[in-house]
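If you read the protein sequences in the order shown, they are chains B and W.
Oh and the first sequence: position 250 is 250 in the working numbering, straight run, nothing missing.
Oh and the second sequence: position 6 is 370 in the working numbering, straight run, nothing missing.
It should be emphasised that the hints constitute simulated quantities derived from the structure, not laboratory data.
You may find that some hints are simply not true.
[Unchecked claim] Each computed DSS-like pair below joins lysine-lysine, with the alpha-carbon atoms no more than 27 Å apart:
(1) W:Lys370 - B:Lys329
(2) W:Lys485 - B:Lys343
(3) W:Lys370 - W:Lys707
(4) W:Lys707 - B:Lys356
(5) B:Lys270 - B:Lys326
(6) B:Lys107 - W:Lys707
(7) W:Lys485 - B:Lys15
[As the list claims (entries may be wrong)] Among the chain W residues that face chain B by a calculated CB cut under 10 Å, a handful are:
(8) Val401
(9) Asn508
(10) Val511
(11) Tyr552
(12) Tyr597
The beta-carbon is built from N, C-alpha and C at its ideal position, and this holds for glycine as well.
Read off the chains here:
2 protein chains.
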Amino acid sequence: MPKKKKRSIAKDELKKFGKKLADDIKRGKNPEITLPVRALSNIIFDKKECKLVLGENVAKRYFFNVAHAKRFLQTVEIASICKRLIDENKHASLRDVFYMAKRTIPKTKINIVDQQSESDKAIEDLELITNCSREMLHVTANKNGSVAGNVIIEDRGDRIDWSKLGSGGWSIPSVTDEIEFKKVKAKYVLYMEKAAVWERLHEDRFWEKNKCIIMSSMGQTTRGIRRLLQRLYEEFDLPIYVLVDNDPWGIYIYSVIKYGSISLAHISGKLAIPGVKFLGISADDIEKYGLQRHFIKFTDKDINRLKQISQYAWFKNNKAWQRQFKKMKQNGAKVEIQALSSKGISFISEKYLPEKIKSKDFLD
Amino acid sequence: MPKKKKRSIAKDELKKFGKKLADDIKRGKNPEITLPVRALSNIIFDKKECKLVLGENVAKRYFFNVAHAKRFLQTVEIASICKRLIDENKHASLRDVFYMAKRTIPKTKINIVDQQSESDKAIEDLELITNCSREMLHVTANKNGSVAGNVIIEDRGDRIDWSKLGSGGWSIPSVTDEIEFKKVKAKYVLYMEKAAVWERLHEDRFWEKNKCIIMSSMGQTTRGIRRLLQRLYEEFDLPIYVLVDNDPWGIYIYSVIKYGSISLAHISGKLAIPGVKFLGISADDIEKYGLQRHFIKFTDKDINRLKQISQYAWFKNNKAWQRQFKKMKQNGAKVEIQALSSKGISFISEKYLPEKIKSKDFLD
Chain B
1 MPKKKKRSIA KDELKKFGKK LADDIKRGKN PEITLPVRAL SNIIFDKKEC KLVLGENVAK
61 RYFFNVAHAK RFLQTVEIAS ICKRLIDENK HASLRDVFYM AKRTIPKTKI NIVDQQSESD
121 KAIEDLELIT NCSREMLHVT ANKNGSVAGN VIIEDRGDRI DWSKLGSGGW SIPSVTDEIE
181 FKKVKAKYVL YMEKAAVWER LHEDRFWEKN KCIIMSSMGQ TTRGIRRLLQ RLYEEFDLPI
241 YVLVDNDPWG IYIYSVIKYG SISLAHISGK LAIPGVKFLG ISADDIEKYG LQRHFIKFTD
301 KDINRLKQIS QYAWFKNNKA WQRQFKKMKQ NGAKVEIQAL SSKGISFISE KYLPEKIKSK
361 DFLD
Chain W
365 MPKKKKRSIA KDELKKFGKK LADDIKRGKN PEITLPVRAL SNIIFDKKEC KLVLGENVAK
425 RYFFNVAHAK RFLQTVEIAS ICKRLIDENK HASLRDVFYM AKRTIPKTKI NIVDQQSESD
485 KAIEDLELIT NCSREMLHVT ANKNGSVAGN VIIEDRGDRI DWSKLGSGGW SIPSVTDEIE
545 FKKVKAKYVL YMEKAAVWER LHEDRFWEKN KCIIMSSMGQ TTRGIRRLLQ RLYEEFDLPI
605 YVLVDNDPWG IYIYSVIKYG SISLAHISGK LAIPGVKFLG ISADDIEKYG LQRHFIKFTD
665 KDINRLKQIS QYAWFKNNKA WQRQFKKMKQ NGAKVEIQAL SSKGISFISE KYLPEKIKSK
725 DFLD
């Protein structure tokens, strides 16, 4: 069973980590942890693999070093919490782990962690040390999003048919590594940033008529969704199309799914999906479908973000994207997916999406 | 079928509204709309019914009145959009309706609506005019939240078993009026504001061990969830317990579910659930379970909000609640649900919740 296997991999890695430290101590050595530097200076855009990865700079953290001791202790404490979670076969949220680690160091008045950011960082360190994702360490983040399609999965012993869940759909959990796909009948996956658009497409039974899977979250894509998209892409060779607002925030959502994010560069391999395509809303769609009358003026924040994104390594030399950014700058305004509703409530499912997909009008 | 009936009720009401205006015109009368005033001055806390309702002040809106003409037109336009949605048996989100209404008045350069707030208000007016909820008018808002329990429903022709949906659960749609309950085996419903807590309880199969239904959203409770809670309360006589952080925002979540909200006072009858109980986290829980060490200091905003809430009509003369507010003020800090995790990952499901529920330690 792959489920069991993953658990034992993470457990073995945690044991290895503990044993290494115990050996240091037995040998009278200053216990040390070696791990890649996670500063911006050590984050590289791997052109061949087409994703953000960590460079080769490593740092050592020592127990007997005033500057290192606390983070050292935090890392070991979190490792012990993860080990316990895996042993008990339970999952904890990042917030839970923070509270579990927030205890006073015996005979002092100092807490092991005071802020969640400290335990979060320790978990990221552990991902690097063990080469296991946070999910494999049994730590979860927010759950969000729904999915529908002609797919049958098995999860915690339940057989779930994504095509037979009424108007709601399946609520995507925070950990999607452990679900088993039993039947996947789809030609592609359509991911959108808005739950309301998902409800529109679901009511129109878009997934049935177009033989696809529809998936959404609200705003930022959760790691659970990213892993689910990646698994469908890798295990079933399904193209992934992303539908977002025409604004820098929408494009960043696409960018994170495709290339990974700066803050999670250390785990890009487990999350980035280089084959993902941007379906819309593109600057050309705005012209083609006459959506200019639904412009919402950019704020200064939008304009700055657009500039930042256009300079990202993976967009900088991409002519098609630079053309988009230029047009967006000229527009000086965003257009939302729902602006398509001005052309009819089901225009999106009956015309816009089928046209775009048939003519393969994507950005890469 | 209740589904069809609801559709025809809303349609009949919309037709009645249109006919009344057409009659005004035929008779050479200035077309008028009469509706209750929705200002704070006309919002009353109905002590007997125990919910926020509108008072008896009404206002008239005339077509031939420069100050009224635009809102008059907006109301009629939105009514026509709703009629079309019902005819086509499709649902649109608030944002969709805005884009559908956002068109230029022929021979002018004036848009019918420029901001979503305008179409939103027109929809609220229509709820009053037709006495039908927004959902009955086929307009939806955000979808959010998950549910699990020993319940079987039928929705859009699918039979869905809430006990067999793996780690994800059923994703709660924005309209829950139309689902049919086929089997409900539960002693109560536990609603929590945090998806991560829901995942914890679901992993522990809390709903199975304690014969209940667990439901969550993220932050604010959607109308879809409020209607679902209300239906389970009214149709199956199930007690509803609310689990939120010990801070003014958590208490307001409880307050809205129980009494309705000021902005939606006109629809309280369809949404408020006077029998709802506050399960926790109470100020007493903080003492009983020694959660003081997990205090997160109030900001000025928190303190002001606490003061506001403590003066609401439905809390003002409630001694038990005033005692809570006093303690919260003394604490000057909030405590999150997840602080319970400091006592063990499953402390919440194995000890805290069973103890509270067994001893009926609720606030009313």
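Starting from the hint list further up, note which numbers the structure goes against and sort them upward.
-> 1, 3, 4, 5, 7, 8, 11, 12
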